[in-house]
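From first to last, the protein sequence lines are chains S and E. Residue 265 in the working numbering is what sits at position 235 of the first sequence, and the numbering runs on without skipping anything. Residue 341 in the working numbering is what sits at position 311 of the second sequence, and the numbering runs on without skipping anything.
Please note that a few of the clues may not be correct.
Copies of the same chain look alike in the list, so a pair counts if it works inside one copy or between any two.
Derived DSS-like pairs (lysine-lysine); straight-line CA-CA distance at most 30 angstroms [stated by the list, open to error]:
#  : residue 1 : residue 2
1  : LYS356    : LYS486
2  : LYS356    : LYS479
3  : LYS356    : LYS72
4  : LYS155    : LYS333
5  : LYS89     : LYS367
6  : LYS370    : LYS151
7  : LYS123    : LYS398
8  : LYS487    : LYS356
9  : LYS288    : LYS408
10 : LYS479    : LYS288
Hints listed in this document are in silico derivations from the structure and should not be mistaken for laboratory results.
2 protein chains.
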Amino acid sequence: MGKMRALDYFFYPKSIAIIGASRDPEKVGHAILHNLVNGKFKGELFPINPHAEYVLNLKCYKSLKQINSDLDLAVIAVHAEEVPKELEECGAKGIEAVIIVSAGFGEIGNTKLAEKISKIKRRYKKMRVIGPNCLGILNTENSVDTLFLPEYRLKRPEKGEISFISQSGALGSAVLDWASMQEIGISKFVSYGNAMDIDESDLLEYLAQDKNTNVIVMYIEGVKNGKKFMQSAKKFARKKPIIVLKGGITAEGMQAVKSHTGSLAGSADVYNAVFRQAGIIRAENLLESFDFARVLSKVAKPKGNRVQIITDGGGYGVITADAAIKEGLRLAEMEEKNKKFLRKIFPSYAVLGNPLDLTGDATMERYKAAAEAAMRDKNVDIVILILLYQVPTLNSDVIDIIAELSNRRAKPLVVISVGGAYSEVHKRALEREGVVNFSYPENAVKALKALIDYHKKK
Amino acid sequence: MGKMRALDYFFYPKSIAIIGASRDPEKVGHAILHNLVNGKFKGELFPINPHAEYVLNLKCYKSLKQINSDLDLAVIAVHAEEVPKELEECGAKGIEAVIIVSAGFGEIGNTKLAEKISKIKRRYKKMRVIGPNCLGILNTENSVDTLFLPEYRLKRPEKGEISFISQSGALGSAVLDWASMQEIGISKFVSYGNAMDIDESDLLEYLAQDKNTNVIVMYIEGVKNGKKFMQSAKKFARKKPIIVLKGGITAEGMQAVKSHTGSLAGSADVYNAVFRQAGIIRAENLLESFDFARVLSKVAKPKGNRVQIITDGGGYGVITADAAIKEGLRLAEMEEKNKKFLRKIFPSYAVLGNPLDLTGDATMERYKAAAEAAMRDKNVDIVILILLYQVPTLNSDVIDIIAELSNRRAKPLVVISVGGAYSEVHKRALEREGVVNFSYPENAVKALKALIDYHKKK
């Protein structure tokens, strides 16, 4: 891990105290301990509960004071009224990383209690706090997991290169669960709640310097400190893609943010201007934010916006061409020598244009020849392969052919995998080989547009 | 079935001849017979193959002439060059419905052969033809199925109320397979290929009058006869929703259409004007076309565009409000009496606005009370329920609560089901109860916008 940085104790703790580790399975503190015990976290766990000897077969401590060893991270999951006392003990013990999961502070108008814990925090300079009113952290690398939701309701995604910061805990948990279903790998997830100390800008800076994070996705409703956010974003956005989905971009949405988090959403125009200036990539919706992230984390850098579409179904070629043009991409015109080469080996009815239509009896050889020609063609910046697995002449070898080409990373290559269950199997296989797939042409070209724009501005 | 209409023999045949029913599993004619034999088609099957005694344990006929009984439908699946002879025999035998699956005519520039079969068709007035170069028909009601793709590559969707007409066979097959995976029910599917006789307008007229079809989705690249299409659409579009996805709406897409089908795509502006005038609903992409179809076939008619959003996750409420406003919907302001009622039974931290945020400890009772209030509220035209199943206080009873409310059809109700595998189970259960679900807020509000617009224009 090299030199420890300020927030490392949150993401790479060797020991965790769970304050409020209840024996009652319905309690948040129980769920957190349960997930850590049953997960793959290799460090030491210290349940704190004055009323229990053991929780989940672990020796229980009455308070932090009873623990002699140093603690890297404390997770506080007690009633809001008891949080000040526990936070005070964390400070006194010299713990540098504290996650307050408990809710019941500023977000429900309890500013007095919010101020009380802020005051405690200020007295312990080295203690950093995430929360309150949050889910905390998931680090898929070492299974640090403070999410208080059971695995069957929130399946943890696999290890990946995308990190995700969410102001909304509920939205964050739903997205993680969704990502796991989609087999989208995640490196680190943070739900930071009310951000009494650590805010979105701190997390952005940390993840921007995290070697296991390739791309950062953020869901934010309002930033705590606009100037700080701008500085952090400007410093890193052109080195590592930062994709932001902003909640509250309409007057009505802003009103909802106000009721929901108590924070001001700020005008959409201001945010858009800030994002643009800072080099942040804006996503219009959740699916788009992860579409962008997948392409930006896995696909090679394009030299331009000329795409070659290769398809085994004419109709899909047409709608993909339409979508590409609508998004401002251009259709490539392949070099004459490559066209000539393909014309020799292709049947007369295959259409050697753009889209290049291999037709409904497309063989593996045709796919390979066309894709290879496009990958080496000087007039082609990006290759889009459309795969209709319904075609009986295709078999699973197509996965190896495409993976091999894509992994050379000579130029961007993405696949549009269409159909149902049978296609899904192949799509997943391709994804596992590192090839980025889309189910719909529009999503593919929108993500490619984001890829082009990002690298152009860099 | 009542009185037989002209195209009924295609969709409700009691007997089918498969001309070119090969013993070779790789041949199209074999696949068609195989699917009919293994499916649930209850009528008689007549394989025609001069070189075989039996195919798939069915007695084989050397030619149509050998069959004494009347035939409702013939499917021709032989080499292009042999099609004229077989079509001639169909005419001579008095068969009124013929599907020519075979390719190799106008679409690859073989206009001579195309003209030859057209000439034969003209001599037999009562004989109607679908194709050539098509997949033909799937009728989920009686398992009439001429698609030559095996079930494992193209899973047939369940019975439903949406009918789908596709100019592109490959696109149609991919969409059917996708629909089956999504559990979207289909009534009838037609791939009509080169449309030498029956074209999109004939099919539109037929399905518009089909009592088992609630909504028609069409993928078209170019219409054969603009005036005829306009007349058919005008006559029916305001009685039954017709959703069209037009391939070739950019110059590049039009060029692709030209290479692909040999037909002219026509300018996007002209098509848009025609669609608008005829009352056709235009979809921007495939997912949208079926999103629209699901809502239009299953959801009650809205009185206006005021939506009430009910959520158990604040962030999702925010982005749904944003999406609704962006699409031109309005957020409802619930009646004071209903708000008062809810305020009494809700905890103080629940947000009784719009979105109505039941928060992360939403109980079943809160869900029920809020949804019922919105359903009876005079200021609410449409109810959007957001379900984050991660919330531990929710259980599967929520399905019954929502289904019961939705099925009263007092006003439109749709659900945004978010999350992964666990959510998916509930989403599917809701769908099976007749409740329309979406995975993403944008898709839900776009579909609701289409619903509102359709009923406004009627």
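Each hint, compared with the structure:
1. When the C-alpha separation of LYS356 and LYS486 is checked against a cutoff of 30 angstroms, the pair qualifies both within a copy, at 19 angstroms, and between copies, at 29 angstroms.
2. In the homo-oligomer, the alpha carbons of LYS356 and LYS479 lie at most 30 angstroms apart both inside one protomer (11 angstroms) and across protomers (22 angstroms), since each shortest distance falls under that limit.
3. Proximity of LYS356 to LYS72 under the C-alpha cut-off of 30 angstroms is found in neither arrangement, the shortest distances being 50 angstroms within a copy and 47 angstroms between copies.
4. Taking identical chains as interchangeable, the C-alpha atoms of LYS155 and LYS333 are never at most 30 angstroms apart, the minima being 48 angstroms within one chain and 59 angstroms between chains.
5. Proximity of LYS89 and LYS367 under a CA criterion of 30 angstroms is satisfied in neither setting, with 73 angstroms inside one chain copy and 53 angstroms between copies.
6. For the homomeric pair LYS370 and LYS151, neither the shortest alpha-carbon distance inside one copy (71 angstroms) nor that between copies (40 angstroms) is at most 30 angstroms.
7. Taking the shortest alpha-carbon separations for LYS123 and LYS398, neither the intra-copy value of 63 angstroms nor the inter-copy value of 47 angstroms comes in at or below 30 angstroms.
8. Within a single copy, LYS487 and LYS356 get their C-alpha atoms as close as 21 angstroms, and across copies as close as 28 angstroms, so both meet the 30 angstroms cut-off.
9. For the identical chains of this complex, LYS288 and LYS408 are inter-copy neighbours only, at 26 angstroms across copies versus 52 angstroms inside a copy, given an alpha-carbon limit of 30 angstroms.
10. Within a single copy, LYS479 and LYS288 get their C-alpha atoms only as close as 33 angstroms, which misses the 30 angstroms cut-off; across copies the closest is 26 angstroms, which meets it.
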